[in-house]
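Peer 1: These protein sequences, in sequence, are chains A and B.
Here the first sequence is numbered in the working numbering, starting from 19 and rising by one per residue.
Here the second sequence is numbered in the working numbering, starting from 19 and rising by one per residue.
Where hints are given, some of them may not hold.
Put simply, identical chains are the same to the list, so a pair is met inside one copy or across any two.
[Claimed, not checked] Taking lysine-lysine and the DSS-like style, the derived pairs with C-alpha atoms no more than 30 Å apart in a straight line are:
no.	residue 1	residue 2
1	K26	K59
2	K59	K241
3	K274	K198
4	K335	K241
5	K325	K197
6	K256	K274
7	K241	K274
8	K241	K297
9	K198	K325
10	K353	K27
11	K353	K153
12	K163	K325
13	K241	K353
14	K241	K256
15	K297	K163
16	K197	K125
17	K152	K26
18	K356	K241
19	K297	K198
20	K37	K356
No wet-lab data here; the hints were simulated from the structure.
Bear in mind that the values here come from a model prediction, so they are computed numbers and not experimental data.
2 protein chains.
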Amino acid sequence: MLPTIEWKKDRVVMIDQRKLPEEEVYVEFTDYNQVAEAVEKMIIRGAPAIGVAAGYGVALGLLRIEKEENLDEEFDRIYRRLERTRPTARNLFWSLERMKKTLEENKRLSLAQLKQRMIQEAMDIEREDIETNKKIGFWGKDLVKDGQSVLTHCNAGSLGTAGYGTALGVVRAAFQEGKKIQVYADETRPFLQGARLTCWELDRENIPVTLITDNTAGFLMQKGMISVVMTGADRIAKNGDIANKIGTYTIAVLAKENNLPFYVAAPSNTIDFNVAEGKDIPIEERDPQEVREIRGRCLTLPRVRVKNPAFDITPAKYISAIITEKGIVRPPYEKNLKG
Amino acid sequence: MLPTIEWKKDRVVMIDQRKLPEEEVYVEFTDYNQVAEAVEKMIIRGAPAIGVAAGYGVALGLLRIEKEENLDEEFDRIYRRLERTRPTARNLFWSLERMKKTLEENKRLSLAQLKQRMIQEAMDIEREDIETNKKIGFWGKDLVKDGQSVLTHCNAGSLGTAGYGTALGVVRAAFQEGKKIQVYADETRPFLQGARLTCWELDRENIPVTLITDNTAGFLMQKGMISVVMTGADRIAKNGDIANKIGTYTIAVLAKENNLPFYVAAPSNTIDFNVAEGKDIPIEERDPQEVREIRGRCLTLPRVRVKNPAFDITPAKYISAIITEKGIVRPPYEKNLKG
């Protein structure tokens, strides 16, 4: 299985997702600021993967501390730097909070022991994420029947997590049972996670995948070529509204209009019980150049005005079920979603 | 005003729309086969513009005929070559039929006179298209109020017609009345007509335009940032279903879900009274490379499977009104659409 991110000899190693599928380049970081920048620049992306990166970022930052008396101040600096990388994914904050709690619970350890304990915690986050995704796959796989086709958006796969994937984890689990499955991958402008990452990782495992522009999903639904829609989530509100990659709302509306099930697969740490509904989730607005250019090539007027929100909100009413590691949650989400 | 296509000294001159907005290159053709290829390669695109190109293609082909006895056979060859360039746009066939009728009605002329008559007819098609678009603008402009924002898809502008545009003709007419209007342009993958052409032509006239990815239209509607949706059409069935650029169906569904009006602006020669409903309109499937690449740069696995329909069908039930040069047509279209 593809390692999205790893801890290796006091370094964080990750595959540079901006370069896929053209080049498989691994980058190594020794400084938590580099990890923060890697998250900002989307060298690593996907809510669960960002969570894992944040854990390792904290571990890396602590490793550099030389005097115990600087611990709290340094930890606070590290925490705040990582916290402000990307605002939407719940898993980032969940992971930072978990690292903080671990630190507080282990203050009796020596600085050297504490550093090892924190590295261990970050490695646990990584390992548990893969286990979680396999459970999501286990619960979700019966939602995809033999011979069906699955439309997915962005990359909720191995690359968006520590491994195995959420939405693509469900696809993997169904495929591994021998079901004949066909995946349609939205290319997912502007960052092209579908074209670059989803196609690449499914092709590596010989899971049949067809690439389409984001404009084409509705056409395929109209023609009866899609059986189910399955995406990940970056944050889930208490009422079941989700934030996910821009364009998710569109395919959810199209699914409803065409009477197709729309499923969300995400670990329970994506749920934010402090957020009552979707409109309270902060939506990141990214650099206009992501829209004006593709891989450095300008596609439009160099200074045209651009609106580039990275996520949108899909209201709970469009979501047929949310699949977590604990099982399949159906509406009413307000009642049925649990931590 | 920008000349999309012109007849100049026994040649057809057109702006190469594949190169915009980076380069303003004009290409000249002396052979109808070149015109046919220009349509196929989308050097010129947009249903009304394709219609004008077909008229000039016929005129160009006839110009080369040296012996009167070859006329019928040659005309037939020219007609069939142009007819098979692109299957969806009604205007192509309408224009070819008109040229054929003109030929048949003028058989008494000498070959030299007939050639001039046919050139004249093609020029009439061009001139009438601009007049038609201005009438569409006149009828449609009251549908866009002061301070409103218009979402558009693809390019139904000057470049997609002989000039002035259909959907963008309505925008122009409203803007020229002094209304403060804001246009949101879907980039329109795969060919990026929105990013490349719509932004360019609106910016030239200082009509405020904001570029978005196709994934972003739904987000803006949810946020209340879109007032009306306005597109062109490539073919209109008798019942009011329309074929238009892939992705149009998606924004029509989103408009309905967000209680926004969805308008179609098109000349009456786009209506095909021989087609009862949308599902009978042939949908062109184009080269997978258009999706795999942007401007020659591969975005995905080089051999990934692709589905690339160039158009989709928007059922009449999503369309608030169709604006033609004759006025605003409201449902029921079966009853209210006239030739």
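Peer 1: Hints broken by the structure, by number, lowest first?
Peer 2: Result: hints 10, 16 and 20 break, sorted rising.
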